[in-house]
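Visitor: Numbering (the working numbering), first residue to last: 288 to 467.
Be careful, since some hints might not be right.
Listed below are the simulated EDC-like cross-link pairs for lysine to aspartate or glutamate, each with C-alpha atoms no more than 16 Å apart in a straight line [stated by the list, open to error]: (1) K304 x E451; (2) K362 x D376; (3) K424 x D437; (4) K362 x D351; (5) K424 x E370; (6) K452 x E418; (7) K465 x E451; (8) K304 x D413; (9) K412 x D437; (10) K434 x E370; (11) K412 x E448; (12) K449 x D413; (13) K336 x D351; (14) K404 x E418; (15) K336 x E348; (16) K390 x D438; (17) K404 x E386; (18) K465 x D438; (19) K336 x E350; (20) K404 x D437; (21) K434 x E386; (22) K356 x E346; (23) K356 x D374; (24) K390 x D374; (25) K460 x D438; (26) K424 x E440.
What follows is a list of derived Cβ distance ranges for each label pair [unchecked claim]: (27) S414 x G340: 34 to 44 Å; (28) K380 x S414: 21 to 31 Å; (29) D379 x F295: 35 to 45 Å; (30) I292 x T444: 32 to 42 Å; (31) N341 x R364: 18 to 28 Å.
These aren't lab readings, by the way, just hints derived from the structure by calculation. Because the structure is a prediction, the values reported are computed rather than measured. Using N, Cα and C, we set each Cβ at its ideal position, and we do this for glycine too.
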Amino acid sequence: MAHPIKHFVTITKHRHKVIANCFRAGIPIRGLLHDLSKYSPTEFIPGAKYYLGNRSPNEGEREDYGYSKAWLHHKGRNRHHFEYWTDYDPKDKVYKGIEMPQKFLIEMFCDRVAASKTYNGAKYKDSYPLEYFMRAKRLRGGLLHPKTSDDIEFLLTMLAEKGEKETFKYIRKLRRNKNG
288 MAHPIKHFVT ITKHRHKVIA NCFRAGIPIR GLLHDLSKYS PTEFIPGAKY
338 YLGNRSPNEG EREDYGYSKA WLHHKGRNRH HFEYWTDYDP KDKVYKGIEM
388 PQKFLIEMFC DRVAASKTYN GAKYKDSYPL EYFMRAKRLR GGLLHPKTSD
438 DIEFLLTMLA EKGEKETFKY IRKLRRNKNG
């Protein structure tokens, strides 16, 4: 049974959390542009059809078809996903991760924190985004560039150990140093 209203509320709630995080991180434009493709028919219709409430509807679509057409559309349009930053390396003849530019890495951090809050609700802890990242680390293989992996793990570890206030303060300082 499709749940278009529940899906709309969930993606909008998530998006608003990302926007707030991006403002805190000093990348407001990235926040305002975040996940707009989720409202396109290619992503929204399967999202409503496979709405789960506690995890991505892409997982439900994968269970039916072995892949998610909505996810393939999404990752190809949203640069805060490491999968966007993969390409064929003609030298090694394999697909590899490319280092993500800092603003997209920070947006990825903001997204992961927001997703953890959205799916965990009142049970959320600052350690959850890191735990999620670490569970999937071995599965990513070489698709996440080593520096990008180290950088996002560093930020998620800081979040788990020092909390949001200190982590966002660090990120803003990082952005100022890069831009200044």
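Visitor: Could you run down the list of hints and mark each one as holding or not?
Guide: Quick rundown of the hints versus the structure:
This hinted pair checks out: K304 and E451 have alpha carbons roughly 13 Å apart, not beyond 16 Å. Using a Cα cut-off of 16 Å, the hinted pair K362 and D376 is violated, with the two alpha carbons roughly 19 Å apart. A threshold of 16 Å between alpha carbons decides the hint, and for K424 with D437 the separation of about 11 Å falls inside it, so the pair holds. Between K362 and D351 the CA atoms are separated by roughly 19 Å; this puts the pair beyond 16 Å, and the hint is violated.
At roughly 13 Å between alpha-carbon atoms, K424 and E370 fall within 16 Å of each other, so this suggested pair holds. Between K452 and E418 the alpha-carbon distance is near 19 Å, which puts this suggested pair outside the 16 Å criterion. Between K465 and E451, the direct Cα distance comes to roughly 21 Å. Violation of the 16 Å bound is thereby established for this hinted pair. At roughly 15 Å between alpha-carbon atoms, K304 and D413 fall within 16 Å of each other, so this suggested pair holds.
A distance of roughly 21 Å separates the Cα atoms of K412 and D437; the hinted pair therefore is violated under the 16 Å criterion. A C-alpha spacing of about 15 Å is found between K434 and E370, which places the hinted pair at or below 16 Å, so the restraint holds. Pair hint K412 plus E448 holds up; C-alpha atoms about 11 Å apart against a cutoff of 16 Å. For a cut-off of 16 Å, the pair hint linking K449 to D413 stands: about 9 Å separates their Cα positions.
Distance hint between K336 and D351 is fulfilled; the C-alpha atoms sit about 12 Å from each other, no more than 16 Å. A C-alpha spacing of about 13 Å is found between K404 and E418, which places the hinted pair at or below 16 Å, so the restraint holds. Taken as a hint, the K336 and E348 pair is honoured in the structure, with Cα atoms around 9 Å apart against an allowance of 16 Å. Between the alpha carbons of K390 and D438 the distance comes to roughly 12 Å, so the proposed pair stays at or under 16 Å and holds.
Between the alpha carbons of K404 and E386 the distance comes to roughly 27 Å, so the proposed pair goes past 16 Å and is violated. The hinted pair formed by K465 and D438 meets the criterion: a straight-line CA distance of about 15 Å does not exceed 16 Å. The suggested pairing of K336 with E350 holds, with an alpha-carbon distance near 13 Å, which does not exceed 16 Å. With a C-alpha separation of about 23 Å, the suggested pair K404 and D437 falls outside the 16 Å cut-off, and the hint is violated.
Using a Cα cut-off of 16 Å, the hinted pair K434 and E386 holds, with the two alpha carbons roughly 7 Å apart. Straight-line distance between C-alpha atoms of K356 and E346 comes to about 11 Å, which keeps the hinted pair within the 16 Å bound. Between K356 and D374, the direct Cα distance comes to roughly 19 Å. Violation of the 16 Å bound is thereby established for this hinted pair. Under the criterion of a C-alpha separation no larger than 16 Å, the hint pairing K390 with D374 is inconsistent with the structure, at around 20 Å.
A threshold of 16 Å between alpha carbons decides the hint, and for K460 with D438 the separation of about 15 Å falls inside it, so the pair holds. The straight-line distance between the Cα atoms of K424 and E440 is roughly 10 Å, inside the 16 Å bound, and the hint therefore holds. Taking 34 to 44 Å as the suggested C-beta distance range, the pair S414 and G340 does not conform, at roughly 22 Å. Distance hint for K380 and S414: a CB-CB separation of about 39 Å, inconsistent with the stated range 21 to 31 Å.
With their beta carbons about 43 Å apart, D379 and F295 fall inside the hinted range of 35 to 45 Å. The given range of 32 to 42 Å is respected by I292 and T444, whose C-beta atoms sit roughly 37 Å from each other. For N341 and R364, the Cβ-Cβ distance of about 25 Å falls inside the hinted range of 18 to 28 Å, so the restraint holds.
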